[in-house]
Amino acid sequence: MNERYSRQTLFPAIGEEGQKKIRKKHVLIIGAGALGSGNAEVMTRAGIGKLTIVDRDYVEESNLQRQQLYTEEDVFEKMPKAAVAEKRLRAINSETDIAAVITDATPDRLEELVQTVDLIIDSTDNFETRMAINDISQKYQIPWIYGACVGSYGMSLTIIPGMTPCLHCLLKKIPIQGMTCDTGGIIAPAVQMVIAHQTAEALKILVEDWDAIRTTFTSFDLWGNQYTNIKIAKAKDDGCLSCGEARTYPFLQNENLMKTTVLCGRDTVQVRPPAKQQLDLARLSEQMQASGYQIKGNPYLISVEMKPQRIVVFNDGRALIHGTKDLSQAKAIYNRLLG
Amino acid sequence: MNERYSRQTLFPAIGEEGQKKIRKKHVLIIGAGALGSGNAEVMTRAGIGKLTIVDRDYVEESNLQRQQLYTEEDVFEKMPKAAVAEKRLRAINSETDIAAVITDATPDRLEELVQTVDLIIDSTDNFETRMAINDISQKYQIPWIYGACVGSYGMSLTIIPGMTPCLHCLLKKIPIQGMTCDTGGIIAPAVQMVIAHQTAEALKILVEDWDAIRTTFTSFDLWGNQYTNIKIAKAKDDGCLSCGEARTYPFLQNENLMKTTVLCGRDTVQVRPPAKQQLDLARLSEQMQASGYQIKGNPYLISVEMKPQRIVVFNDGRALIHGTKDLSQAKAIYNRLLG
Amino acid sequence: MNKLLFFAHLKDEAGAETLSIDVSGKTIAELKTIVSEQHGLTKIDSVMTAINEEFAEDDDIIQQGDTIAFIPPVSGG
Amino acid sequence: MNKLLFFAHLKDEAGAETLSIDVSGKTIAELKTIVSEQHGLTKIDSVMTAINEEFAEDDDIIQQGDTIAFIPPVSGG
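Residue numbers (UniProt numbering), protein chains in the order written: chain E, 1 to 339; chain P, 1 to 339; chain L, 1 to 77; chain Z, 1 to 77.
So that you can see chain E by itself, here it is in the shape it has in the complex (with noise of 0.2 Å):
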């Protein structure tokens, strides 16, 4: 018995049998973030046999509060997530092979990053880029874990496709003008509920446990003391364009992408959702200086400080962001403030 993974080869489920499995597969965690750094964490405790992580941004002082990779030093240094992530995990466990790609998780950079893995597990901020991850993973037929969180809230959702309904079934279109926690804050202990969640689904599926694997949708508020698990098996669709009998992968195709442009000559980038949308302005003002920014609007924008930049939102969901020329940072900085 190998002595470091003992008490898990312990567990009858895993046993020696499951530390082998685990010891071949390749999992895929987008995001390094709170989620993606605490699942990535866990994920190379228990061996792994190779750990992908993706990010594309640096270590910043709010971070710290809950992103459990990070330390003083690296936002000082101003080091980019998935590289300090690599690190340190490193440095946990040299037996597996940690890859770190420093990157914008677009459909297409997802579709050359699945090719060899076994597993994706959802860290992202964004439904955006969660919704590719449900196209790509029943295009290649790869499980992914759902998991979000705000506040004191989270839920996670464990899809296999073949087996399972989609996030796509479920949710239908993309939910929009949700709490982010940029907006309504976050703690600790619901991130580490969330990767509590994913991560024995993660290990379930590593181990191919299949009659454990989670078929409910759980969601929790730790500071509300609610739990629930949601059955969810007769929202499979079989006209989902995602997993049905006629499906497109839509959230892959380029007419459904966020569009950002670098408006010519200003420091500026356009950020333009999809599909219009109707924002509620008056209400989403109220929000944002609920949460202590300043604002300043009218019936057809607001303007949102969040310096260094300063982001306008028009009631279309188009925006602006002042201050950047960076197209995947202006795209990160509306998904944080619009979800």
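A few of these clues could be false.
[As the list claims (entries may be wrong)] Straight-line alpha carbon distances no greater than 25 Å define the calculated BS3-like cross-link-like pairs of lysine-lysine that follow:
(1) Z:LYS11 <-> Z:LYS43
(2) Z:LYS32 <-> P:LYS236
(3) Z:LYS26 <-> P:LYS234
(4) P:LYS231 <-> L:LYS3
(5) P:LYS231 <-> Z:LYS3
[Said to hold, decoys possible] Short, incomplete list of chain L residues facing chain E, as computed with Cβ under 10 Å:
(6) LEU5
(7) PHE7
(8) SER46
(9) GLU53
(10) PHE55
(11) ALA56
(12) ASP58
(13) ALA69
(14) PRO72
(15) VAL74
(16) GLY76
(17) GLY77
Hint data in this document are derived by calculation from the structure and do not stem from the laboratory. All values derive from a computational prediction rather than experimental measurement. The beta carbon of each residue, even a glycine, is placed where N, CA and C say it ideally should be.
Got chain E sorted already, so can you dock chains P, L and Z onto it with the hints?
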């Protein structure tokens, strides 16, 4: 707004006021194993004013699978857990005053340690220490949070003196021969789940949001997809010797503690539980064998190989730990094997 | 009677975790309109619903005694 | 009838997560003897019990239709 804690103060139940309270509080964590390292990291990232973490062990290879502050180097250097924890926690948050205490958390030591403490987070691995924490909590009116896990199963309970029943009300006596991580194994997600519950409760207590306190006994099995909350208000027992009217704090009294003695002239420690027990040796032997240990036995005793030690357990609960003269190590081995 | 159960920020918007209301015979879509107009729940459109802990579609009909839960999907991570 | 609910390793010992059995009128202590003798549950003595998600003592009496959960406290950490 301090940028560092901005996502936490955005959470309405904490806010700027709550953050100020967190900054003024002192949390004591007993144990720096799986639960202790995770709980300490969450508390430190949350910006607790002072954190004291107590542990008697050093980092071993089999810890790395689930104990989140430690790396391979710490195993190589055989570093004490509390010392490594202190170093990493300081790198995470230089604003928090971190005190590491490398000691066995005996009742006497606990009485010294709790003097300026606002909250105790249980992260120990045995009921003897937990029952002592429970008595101390009542004696000095300090809330504590019970947490424990084995396999994919775990539990948590918040104990507020004067408000909730205590652990002694619920358990009546110390459960014996329970499953431990050394016999039933443990997976990291179960650890994360307990940490999520314990740290959420900790934050509620620190910001004094008494209405939000969880008044149920929570238990879960992540592999079995079970989760339940048991109402416990009516378990409050006026005759309880720990929290009742004629309280005696039995678990702080010497005659109720485990006794350890180095056997004269031998590399052996005798461990004797406070009360005579009637162990089911046949079953214990079966369990240990299933966990991969080499066992020899007869109706009166079993002998377990745990290199470099060998443990002989008698059916009255007494044990000889061969291969050590270290009293607290012997006690630790006993607890790991017999719970 | 029916019991409505609100999760996360919907609880704050509704002002209570649970609500007793008779909506038997109505569809989930009709109930969504009611809670949106009468109980101040916003963005109810993209909220997931469950009847007796089972996922429910907009055209599912609520029966006497059913408990309906409103679960907003979130995107943070 | 009554429903018994077994948590963690008790599930493995009982061979099922739930069990239907009529034990109305009996005390928790009597039920513990039954599951210990007839269903192979060991160390049932120190297991916590709940009736309908409420903590139960050994002398509590089980009513028709009650669900009884068996929750073993553990010490790992």
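Tested hints:
Our distance criterion of 25 Å between C-alpha atoms is met by LYS11 of chain Z and LYS43 of chain Z, whose separation comes to about 13 Å. Between LYS32 of chain Z and LYS236 of chain P the alpha-carbon distance is near 22 Å, which keeps this suggested pair within the 25 Å criterion. As the CA atoms of LYS26 of chain Z and LYS234 of chain P are separated by approximately 20 Å, the hinted pair is consistent with the 25 Å bound. Our distance criterion of 25 Å between C-alpha atoms is met by LYS231 of chain P and LYS3 of chain L, whose separation comes to about 21 Å.
A distance of roughly 18 Å separates the Cα atoms of LYS231 of chain P and LYS3 of chain Z; the hinted pair therefore holds under the 25 Å criterion. With 10 Å as the threshold, the beta carbon of LEU5 of chain L comes within range of chain E, its nearest partner Cβ sitting at about 8 Å, so the hint holds. Residue-level restraint check for PHE7 of chain L holds (minimum Cβ-Cβ distance to chain E is 6 Å; threshold 10 Å). The criterion of a C-beta within 10 Å of any C-beta in chain E is met by SER46 of chain L, whose closest approach is roughly 4 Å, and the hint holds.
The interface hint given for GLU53 of chain L is met, as the beta carbon of that residue sits about 6 Å from the closest beta carbon of chain E, less than 10 Å. At about 4 Å, the closest approach between the beta carbon of PHE55 of chain L and any beta carbon in chain E falls short of 10 Å, and the interface hint on this residue holds. Evaluation of the ALA56 of chain L hint against chain E yields a held restraint, the C-beta minimum of about 9 Å falling below 10 Å. Against a cut-off of 10 Å between C-beta atoms, the interface hint on ASP58 of chain L holds, since the closest Cβ of chain E lies about 9 Å away.
Here the hint on ALA69 of chain L is kept, as its CB sits about 6 Å from the closest CB of chain E, short of 10 Å. The criterion of a C-beta within 10 Å of any C-beta in chain E is met by PRO72 of chain L, whose closest approach is roughly 7 Å, and the hint holds. For VAL74 of chain L, the suggested interface contact is upheld, since its CB lies about 5 Å from the closest CB of chain E, less than 10 Å. Here the hint on GLY76 of chain L is kept, as its CB sits about 4 Å from the closest CB of chain E, short of 10 Å.
Interface restraint check for GLY77 of chain L: the shortest CB-CB distance to chain E comes to about 4 Å, inside 10 Å, so the restraint holds.
Taken one by one, the earlier hints all hold for this structure without exception.
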